[in-house]
Every structure is written in structure tokens, then in C-alpha cells.
Amino acid sequence: MAPARTVIFLLCALSGLGSAWAEDQRQHLSDLRLLDSEIQGIKQSVLDLERDMARLEDTQLYPPAQQLRVFLTMEVFDFELDDVELLLGDTELNRHDYSTREVYALRKGGVQQLFLGNISPGVHTLKARFRGHFESGDSASPYEKSIEVSFRKDATPQWLELRIDRSSGQQINVRVFQREASE
Amino acid sequence: MSRMSSARKWLAVALGASLGVGSATAYEPDAGSFAFNRALFQHYSRDHLSAAVTALNLPQEQRDERVEAFIADNLLHYGLYRDAQRRLRPLLSKGGLDAQTRAELWMNLARYEYERGYLNSAETTLTEMRVDVGARRLRTERNQMLAQLQLMDGRAEEAVSTLIEGRTYAKSEFARYNLGIAFIASGDVRRGRIELDKLGRTVVNDPTEHALRDRANLTLAYNYLSEAKGASAKPVLKRIRLEGPYSDEALLGLGWAEIAADKADDIRLTDLNNDDTIGGLVGAILRPGRVDEDLRARLGMLNSRSGAETESDRFRKALVPWLALDDRDPKKPAVLEVQLAIPFALDTLGERDRARQFYERAIERLEAGRSGLEKAMDGILSGRMIETMIRRDRDREAGWNWRLRDLPDAPETYYLAEILGEHRFQEALKNYRDLKQLQRKLARHRATLDMAGSGAGQATVPAPELFRQRLAGQPPLWQNITPELRLETSLGRFPRNETLEGLLAWTYRYAPKIALQLEDQHGAFVQGPSQAALAMMERIDVLLEQINPLLQRQRALLESIAVAGMQEHKAMLTRYLIDARFALARLYDEAQADIEDDEE
Chain A
24 MAPARTVIFL LCALSGLGSA WAEDQRQHLS DLRLLDSEIQ GIKQSVLDLE
74 RDMARLEDTQ LYPPAQQLRV FLTMEVFDFE LDDVELLLGD TELNRHDYST
124 REVYALRKGG VQQLFLGNIS PGVHTLKARF RGHFESGDSA SPYEKSIEVS
174 FRKDATPQWL ELRIDRSSGQ QINVRVFQRE ASE
Chain B
-18 MSRMSSARKW LAVALGASLG VGSATAYEPD AGSFAFNRAL FQHYSRDHLS
32 AAVTALNLPQ EQRDERVEAF IADNLLHYGL YRDAQRRLRP LLSKGGLDAQ
82 TRAELWMNLA RYEYERGYLN SAETTLTEMR VDVGARRLRT ERNQMLAQLQ
132 LMDGRAEEAV STLIEGRTYA KSEFARYNLG IAFIASGDVR RGRIELDKLG
182 RTVVNDPTEH ALRDRANLTL AYNYLSEAKG ASAKPVLKRI RLEGPYSDEA
232 LLGLGWAEIA ADKADDIRLT DLNNDDTIGG LVGAILRPGR VDEDLRARLG
282 MLNSRSGAET ESDRFRKALV PWLALDDRDP KKPAVLEVQL AIPFALDTLG
332 ERDRARQFYE RAIERLEAGR SGLEKAMDGI LSGRMIETMI RRDRDREAGW
382 NWRLRDLPDA PETYYLAEIL GEHRFQEALK NYRDLKQLQR KLARHRATLD
432 MAGSGAGQAT VPAPELFRQR LAGQPPLWQN ITPELRLETS LGRFPRNETL
482 EGLLAWTYRY APKIALQLED QHGAFVQGPS QAALAMMERI DVLLEQINPL
532 LQRQRALLES IAVAGMQEHK AMLTRYLIDA RFALARLYDE AQADIEDDEE
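Going down the list, the sequences are from chains A and B.
Quick note: the first sequence uses our numbering, first residue 24, plus one each step.
Quick note: the second sequence uses our numbering, first residue -18, plus one each step.
This is chain A alone, in the form it adopts within the complex:
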């Protein structure tokens, strides 16, 4: 094989641009678009279903007389939340481990729904335990905070917001607010 011819042969191989390659690419892109279009149809149906499901949750699955929602917000920007444990009396409602992205979402002012479920009318005790660490401090030493709050479940939906804010220095405080379902 002559050197120049070999060079060209090798260059063509390197460029990876045979006609079969181009044809495959075109076919794959066309299939991708076709399937994407069909999947969008499914996603649209799921979107509609999700909207109806949210209404069904509010009216029937978790009717106002039984509904309890617990939310979490955070106003401390250097606290890295690791997990939260939520109990009603001695019954565990939820335990949530936080990803970096979720902590970021809380810091950006997002409201996280920690629990949605049904409870009986009457007086209840909600307990919550928060674990994490301060970014600026020794990350090896964990920080833990527990709270306990009593409330009366009446005929209206019960929405409780747990708000983490700073009490002083590297200490957090958790305050509980009653929220209206219409907010």
C-alpha cells in the first residue's frame, strides 16, 4: 500500500464517517422523534391524571375531616439537613433522608410536604427529630434537634408548617405554624 493512500485510508477510518454511519444516525434521530412524540402523549395523560389525582386526594382519599399535612421550610442557609423523622404519638409517619438538591430547594424558599395522611379527630401529639450539621462548623459533629407539639384535629384539613430558623450562633429553632388549605 502506498503511504499516501494509507494515510487517506486511515484518516477515513478515524473520521468514522461512513455512509452507513450517517444513515444510522438519521434513522435513530427519526425514531427518537417519533417515540418522543408518543411518549409526550403518555406524559400529557399522566399530567391530566395527576391533576385529578390531587383533587381526589383532597376530597376523598384524604377528606378534610381526616386530612393532616405536614410541611417543612428552612430559613437557615448554612445548615445541612441530613434527615427528618416524624411521629404522631408513637407511630412513625415519615422518615426522610435529604439529598443535596433537596437541601438546596429548601434554601431557595421551597416548601416540602413531609406527610399527607388521615388521622382521627381529637388531640394529637406530633414529634419531629431533625439531624444535620452546620457547614461552617466541624462537619464531623452532627447536630440534632427534637420538637413536640400538640394540636386538635377538627373538621377542617389540618396543615402544619415546621419552620427551621436560627435561634443563636450554631443553634437551630423549629417553630410550628398552622396553615390554611387555601393559602
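Don't read these hints as lab results, they were simulated from the structure.
Hints should not be assumed to be uniformly reliable.
Chain B side only, calculated, beta carbon under 10 Å to chain A, not exhaustive [said to hold, decoys possible]: (1) Phe15; (2) Arg19; (3) Phe22; (4) Ala33; (5) Leu61; (6) Ser142; (7) Ile145; (8) Ile248; (9) Lys422; (10) Ala424; (11) Ala513; (12) Ala514; (13) Ile521; (14) Arg534.
Derived Cβ-Cβ restraints for the label pairs, each shown as a range [what the hints assert, rightly or not]: (15) Thr123/A x Leu525/B: 50 to 60 Å; (16) Arg49/A x Arg365/B: 21 to 31 Å; (17) Arg152/A x Val112/B: 50 to 60 Å; (18) Ala428/B x Leu110/A: 19 to 29 Å; (19) Asp310/B x Ser169/A: 50 to 60 Å; (20) Arg49/A x Glu190/B: 48 to 58 Å; (21) Ser191/A x His404/B: 28 to 38 Å; (22) Ser363/B x Gln50/A: 17 to 27 Å; (23) Gln50/A x Pro188/B: 26 to 36 Å; (24) Arg309/B x Ser169/A: 14 to 24 Å; (25) Asp177/A x Gln41/B: 25 to 35 Å.
We treat Cβ as the ideally placed atom computed from N, Cα and C, and that holds for glycine.
Given chain A's structure and the hints, the job is docking chain B onto it.
Showing chain B alone in chain A's frame:
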């Protein structure tokens, strides 16, 4: 080579300098809307479907343009492109949003269209965005993407204009690289080479810039080599890092450049003796001490020579980078090619025994490579690889916003390195992941509804309280009339002189069949939970049935993309094997002929 095929070739090179992932639009919390802030948490957690649903269920009075943009943006991130586009376009054309937000939304839409292969739409979006170009960062990205689309469509001159507009090429190294490619594709090779050469000599600060610098040098050198102008390619190849991502191709090219070193381009861009200030470059391989001294001595490379180089001298020099490449990972294409290039050079130099040994070894390596490739293809078709790639954050509704981060530690991963970086594979993978996630989500809803239907999960609430709740919010059927009703029934005791509410409550409890009949007539007023839940279950079942075949087709597409790339690799190996066997047979024939000549 036709203009189109030439453009396509350069396009593929340009695509390598892919666009970075832009940042998402930032949204601020709304002090007045607890519900919007719930959507905000879902948005920043990358649960885009939930974020859109929460925002869509906000009361109409809270749905201002900012919320509408939020909804459309989340729908787009979830992959509901048509719906998002339908909502976004009027919002963007009305101009109620600030310029920066509009520019970000335009850009997000264009990115989606570009990555999912809706190329005409992407170009339309970018053209419409012109009036809305906000930040400088987005203007540069817009022009780069538009230029790539123009290059893909064979409109290289337009791509050049786009990249020159507003000196885009001076604001981004990627843009300068693409300008070089666009010039070459448009036929202005000299200016293309000048741009690539500038980029190939820039001072770099981080690994990405260094990789782009190496790539510019490699592209420029191979452009020279395509015209067999080795003397011009050599100094350019020497600027590439010895341990960088393009070093294999650089070493391979350097060998060919040595062989073609008797020819240079008429226009000299670079000083042939340019010593770079960066260490660890391919050029260092040519210095004494970097390769086997015995071999160098045997090939006569240590002797100082004067005068013009002969063809043999050039082949000897070519062996230096090639032998350095020979020890590297044999799965890499450049290393495979050098398995043939080395014996080819040795044969030319008259070293037939050594050439034979190298050809024999090449055949072994190529056969092993082909067998490894076949196993890797089986691995892909088993589905294991795809499932591993999507296992992280499996329940996040990230949609289009999801990024592939987990590569399986399997042989097939290596062969797929390039394909995994391509939009067609990544976007198909995202859709596959979305379908899987939807399947799980719907199954969870189904379980919730089943549980509710069985009474589990319901707290104990006195029935009268429940009825009072259910009826409290309903409008009266007949204004200001309290009908007296008497019911002849054998269903049970019914209180006399009952109100309509009481009648309905009673029938609901003791005579559900009658309640159902009333439900048909009066809709929401008497709609029972079981019927609404049943309707929801039916919708879920229908959707689950539709998802299954789509999942299979999507997976088949992913496998097809992956396997097509490997088939190409396999075809290349087969081609090399044929070449190697043919060359070896010829060498044996010649050796046999020599023996016969000697005997005669």
C-alpha cells in the same frame, strides 16, 4: 468530495465541541403563596411533573405570567415539549416577562429542540430569540448553537457569519473552534487553519480548555494530513499532550506526518521549531531517551545525519511515535491501527522478519478485540447496562433535566464511550427512564387507591360528621324549598319528615344503589368515592398498558444506537484483520520465493 459530504465530515468534528449545559431559570419564592412555594421545592428538587401539577392547580388569580412561565418551564423540563411550547410562545411574544427571563426561556426551549433532534424548530426558536437576546452569556450560546445547526444543514457560510456576528468567536473558545471548522467546510481552508492554529497555541487554564486546545491541534494536523502535508502537520501534533484525551490519535498522526514530512503547506502558520512551554507533550516523544534505545540504534536513528532525508529515514522516524502508541490499551482505535502501521513501516524498511512478527501479533490482538466486542454487544442486549445507567435518583421526575452520571463497570462501557456522549443516545435514555419512572408512579397511585377502596388508611371518623363535611360545601338543589319526603322502602327504618340532605345521607349509607342513581343525575353533589376512585384506577390501568409497548420500543432504540456504534467498530476490526492476514500471507510468499531462489 461533494460540498455536502465535506460539510458533514466537518460537522462531525464540530459536534465534538459540544455546547455546555446551561443553567436553569431561577425562580424566587412567593411570600404570599404557600402553594407556589410547594411547587418551588418540587422544581428545585427536579420533580418537574409535580411542580407543574402543583402550579397548575393554583387558583386562577395566582396564575400571573411568572407562574405561567414557571409551569411551561417545568413542563419542558419534564419533556412535555408540545404543551410547553404552546404555553411559552405567547408568553415570550407578549413581553410581560423581563428580558433576562425571556432569554433564558427561549434558550431552554432551543436546547430541548436541539438535543431531541427537532432541528428545524431549534433554528426557528433561535431566530425568534434574536429580538430577546439578554445576557452576553446567552447571546454567545445562542450564536454557537445556531452556527452548529447551520453547519449541520450544509450552510457553512451562514455559520461563519453567525459566529463572526458580535465577535462570538472571541468570547468562547468553543466558538473559535467551530469558526475554524465552518471556514474549512465553507471552502476557506486557509482562514479555518488560521483559527485552529490560534486556538492550538492559546494559554490554557483548566482541563476543558486544554482538551479543546488539543482537539484544535489534532483537527488542524489531520486537515494537513488529508493533503499529505506532513511537514505542516508535525509541529501541530507535537503541541498535543502526551497523556491527554487526543494523545493516541496524535501519536498515530505523528507517524504519518513523519512519512509525509517531505511536503508542507505553502502557507506556514507555525514556526516548525516551536517549543511549547507546557510539559508532557507529544513532541517530547521525539527526544532521545523516550523509546527503546536498542531499537533506535538498530534503526539507525541515533546516527546524526546531514542532508536531505530519504524515504527510509522518514519511515524510521515514524516508528518512534508508533512504538510508543503500541504499548497502550489495545481496545482504542488508534492503538489498533498502529498494529498494522508498525509492520507496514518495518516491511518498507526491509525488516521482513520483524514485520511478520508484528503482523502475527496484530492478528492475535485484533481477533481478541473482535471477540471482546461481541461479548460487549451481548451485554448491551441483555439490558443490564441500560438499567444500571438509570438507577440513580430513580423516582425523581427530572425528565429532560436528568443527566447520566453512572456508567456500569462493564466491558461494553468502554466501547460506548463516544456514543454515550451523543444526544441521540442520552435523550433516548432519558425517555426510557421517564417511562420506567411513570410506571412506578402509576403503580403507587394504584396501590393508594386500592388501599383507600379497602378502607385501609382511613381514620375513624363518625359517619354524621363525614356526611356533614361532604354536604357542607354543596349548593342546595332547590333554593328556599325544604321538601317533605316520604319513602316507601323495605331497606330499613327511615326517619319521617326528613330533609333532602337527610334523605341523601340515609340512602348513601343504607341504599347505595339509589345513591348511585342520584349520582348519575346530579354529578358532584352525590359522587361517591368508590366510583371516582374506580374511574381513576381504570385510567391508570389504560396508561400502564400503553407504557409497556413504548418501553420495549424505547429500549430497542437504545440498543440499536449502542450496537450500531459497536458494529462499526467491529467492521473496522474485520477490515484490519483482512489487511493484516493479506500482508502476512504476502510476506510468507516472498520469504518462500526467496528460499526457492536460493535453492535454485
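Hint numbers contradicted by this structure: The structure breaks hints 6, 7, 8, 10, 15, 20, 21 and 24; every other hint is satisfied.
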